[in-house]
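Read top to bottom, the protein sequences are chains A and B.
The first sequence lines up with residues 1 to 115 when you count with the numbering used here.
The second sequence lines up with residues 1 to 109 when you count with the numbering used here.
Hints listed in this document are in silico derivations from the structure and should not be mistaken for laboratory results.
Zero decoy hints are in this set.
Taking CB as the label site, the calculated pair distances span:
#, chain 1, residue 1, chain 2, residue 2, range
1, A, I12, B, T23, 34 to 42 angstroms
2, B, Q25, A, G16, 37 to 45 angstroms
3, B, G15, A, S18, 43 to 51 angstroms
4, B, G28, A, N51, 12 to 20 angstroms
5, B, T13, A, S15, 44 to 52 angstroms
What the simulated footprint calls covered on chain A by chain B, stretch by stretch (three residues with Cβ under 8 angstroms from a Cβ of chain B suffice, anywhere in the stretch; the number is not a length):
#, stretch
6, 44 to 52
7, 105 to 115
Quantities reported herein were computed from a predicted structural model and do not represent experimental measurements.
Every residue gets a Cβ at the ideal spot worked out from N, C-alpha and C, and that includes glycine.
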Amino acid sequence: GAVVSQHPSWVICKSGTSVKIECRSLDFQATTMFWYRQFPKQSLMLMATSNEGSKATYEQGVEKDKFLINHASLTLSTLTVTSAHPEDSSFYICSPRDPGQGEAFFGQGTRLTVV
Amino acid sequence: GQNIDQPTEMTATEGAIVQINCTYQTSGFNGLFWYQQHAGEAPTFLSYNVLDGLEEKGRFSSFLSRSKGYSYLLLKELQMKDSASYLCAVRGNAGKSTFGDGTTLTVKP
Chain A
1 GAVVSQHPSW
11 VICKSGTSVK
21 IECRSLDFQA
31 TTMFWYRQFP
41 KQSLMLMATS
51 NEGSKATYEQ
61 GVEKDKFLIN
71 HASLTLSTLT
81 VTSAHPEDSS
91 FYICSPRDPG
101 QGEAFFGQGT
111 RLTVV
Chain B
1 GQNIDQPTEM
11 TATEGAIVQI
21 NCTYQTSGFN
31 GLFWYQQHAG
41 EAPTFLSYNV
51 LDGLEEKGRF
61 SSFLSRSKGY
71 SYLLLKELQM
81 KDSASYLCAV
91 RGNAGKSTFG
101 DGTTLTVKP
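Same shape as in the complex, but just chain A (with noise of 0.2 angstroms):
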């Protein structure tokens, strides 16, 4: 199966700071990537989708000024945090739009928290 690598797994970081999360595809071409978020105890909601080469789409309700997202190559796409604060502290996982059928792969996750 597809593997998607994402970096890091978790990070602490200060109110105001910014955070870049990085997902990677290490054996296939990924021209989309879904970016979700996951709050304790809930399901996981797509926050935006990014495409190889052009502008990221972002789920309503979801500030793209915050979230940056990044989508360079067709193996890489990255979501930076910007000017995080403590209620932005999440499960943040990305999944590459699946080459195929009939399979979704994840990244690890990565554990925000904001202090």
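Assemble the complex: chain A is given as a structure, and chain B must be docked to it using the hints.
Positioned in the frame of chain A, the structure of chain B alone reads:
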């Protein structure tokens, strides 16, 4: 839009069989997924159904009825390690998936 419903919690005994139901209402349908998620970890893929019927994979089976907007995940010979959250997700248009809130399964000895 998408609306997905699944029970919040279930409890079962080791060695038993448990069925987790999922109903959905969607504006587009390109398959239904089941995932397992342990606390603090990313989801892992369990099954995918796009046509009506039962898909079996070892101890896990998944069923889909598109006309009824209904699916279930069947877990047999339950083991303690099966204690986890089980997420039902429907893939709609453009490859986007909408997730249910998950069912927390507790397996007791």
